[in-house]
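**Q** Sequence:
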Amino acid sequence: MTASYFTRFLDRLFDWFSTSGLRVLLIAAVTLVLLALLKRAMARLRSMYEGTLPSQAQTKRAYTLTHIVRDVARIAIVVVGAMMILSEIGIDLKPLLAAAGLGGLAIGFGAQSLVKDLISGFFILLENSVRVGDVVEVAGVAGIVEEIELRTIKLRDLSGNVHVVPHGVIEKVKNMTTDYSYYLCEIGVAYREDVDEVMTVLQEIAEDLRRDSRFADDILEPLDMLGVDKFADSAVIIKCRIKTKPIKQWRVGREMNRRIKNTFDTKGIEIPFPHQTIYWGEPKHGMPPPLYMAELGLNPRAAG
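All you need for the working numbering is the position in the sequence shown, starting with 1, plus 93.
Hints may contain errors.
Listed below are the simulated SDA-like cross-link pairs for lysine to any residue, each with C-alpha atoms no more than 20 angstroms apart in a straight line [unchecked claim]:
#1 K354 with T245
#2 K336 with G346
#3 K360 with L313
#4 K323 with D287
#5 K332 with L313
#6 K332 with Q296
#7 K332 with V291
#8 K332 with D301
#9 K332 with P365
#10 K267 with V228
Here are the in silico distance ranges between beta carbons for each label pair [stated by the list, open to error]:
#11 H160 with D358: 54 to 60 angstroms
#12 V123 with S252: 54 to 60 angstroms
#13 L186 with K265: 41 to 47 angstroms
#14 D310 with E279: 23 to 29 angstroms
#15 M318 with T245: 41 to 47 angstroms
#16 H160 with T356: 53 to 59 angstroms
#17 I168 with A191: 17 to 23 angstroms
#18 T293 with N350: 39 to 45 angstroms
These are calculated hints, taken from the structure and not from any lab test.
Remember, predicted model here, so these are calculated numbers, not experimental data.
Think of the CB as a built atom: it goes at the ideal place given N, C-alpha and C, for glycine as much as any other residue.
Based on the sequences and whatever the hints tell you, model everything.
**A** Structure (structure tokens):
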């Protein structure tokens, strides 16, 4: 009885192996081969990028992208292979697919912000709109990019604070250091000044700045004089800009402002600033009230 049962079991096992079993082994073998090819292809692609990219940040970006593509493709290959094997074994996949759909729906509701962060991060890395070392403004936060991960971007502001911004909340990116930069100058002068003379002085200041060895390498082009921009309440606004290397515009701009102030003082060009006139009123007899120095916060002895 036992021998007969064992014989029938072997016959059934042989029949299954000769039909479905071979297909299961073939599916498993193809799955393993595809995984091996995927691993080799991603390693080759990453090494090819690492040989052409100029910086460590770009190399890290290439590694992150290839890592993401490899993981997604590997999961897809394993899932498809497992479903095909289960189908060959005779397991009904409909309940499993229904359960997986409900589970995925529940996870999607619970982790939709995380998924949004990951997808947005992938496209930010893919499009290369932001790089480590850039000065950007995202989600109302401005600073230098220190690190770009798949889910977040880390910025350090001028005060040294580190801001971690999820990619999902980024609607637009203002990159202030892509390829080149501009420092925009808006100089207000008094209405009585000759604006043509002022613009000539500004161009002379900019040329002197370009000849300075400390700033010559940072400035890419001569001063772009845009001209008289608008008439303000107490000043004529003259606008110009300086084209610089990325992230150098603030250094050049500060030196430009310093030279403008010193040169205008030397040449007597007035830079208007708000004035305030205090009216103390008069009594009915027409004599103005006495003004004591203490009311102005002055020291009478020092004034005398």
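**Q** None of the hints should be skipped; say for each whether it holds.
**A** Here is how each hint holds up against the structure:
| no. | hint | result |
| --- | --- | --- |
| 1 | K354 with T245 | violated (42 angstroms) |
| 2 | K336 with G346 | holds (10 angstroms) |
| 3 | K360 with L313 | violated (28 angstroms) |
| 4 | K323 with D287 | holds (15 angstroms) |
| 5 | K332 with L313 | holds (18 angstroms) |
| 6 | K332 with Q296 | holds (12 angstroms) |
| 7 | K332 with V291 | holds (11 angstroms) |
| 8 | K332 with D301 | holds (18 angstroms) |
| 9 | K332 with P365 | holds (16 angstroms) |
| 10 | K267 with V228 | holds (9 angstroms) |
| 11 | H160 with D358: 54 to 60 angstroms | holds (59 angstroms) |
| 12 | V123 with S252: 54 to 60 angstroms | holds (57 angstroms) |
| 13 | L186 with K265: 41 to 47 angstroms | holds (44 angstroms) |
| 14 | D310 with E279: 23 to 29 angstroms | holds (26 angstroms) |
| 15 | M318 with T245: 41 to 47 angstroms | holds (42 angstroms) |
| 16 | H160 with T356: 53 to 59 angstroms | holds (55 angstroms) |
| 17 | I168 with A191: 17 to 23 angstroms | holds (20 angstroms) |
| 18 | T293 with N350: 39 to 45 angstroms | violated (18 angstroms) |
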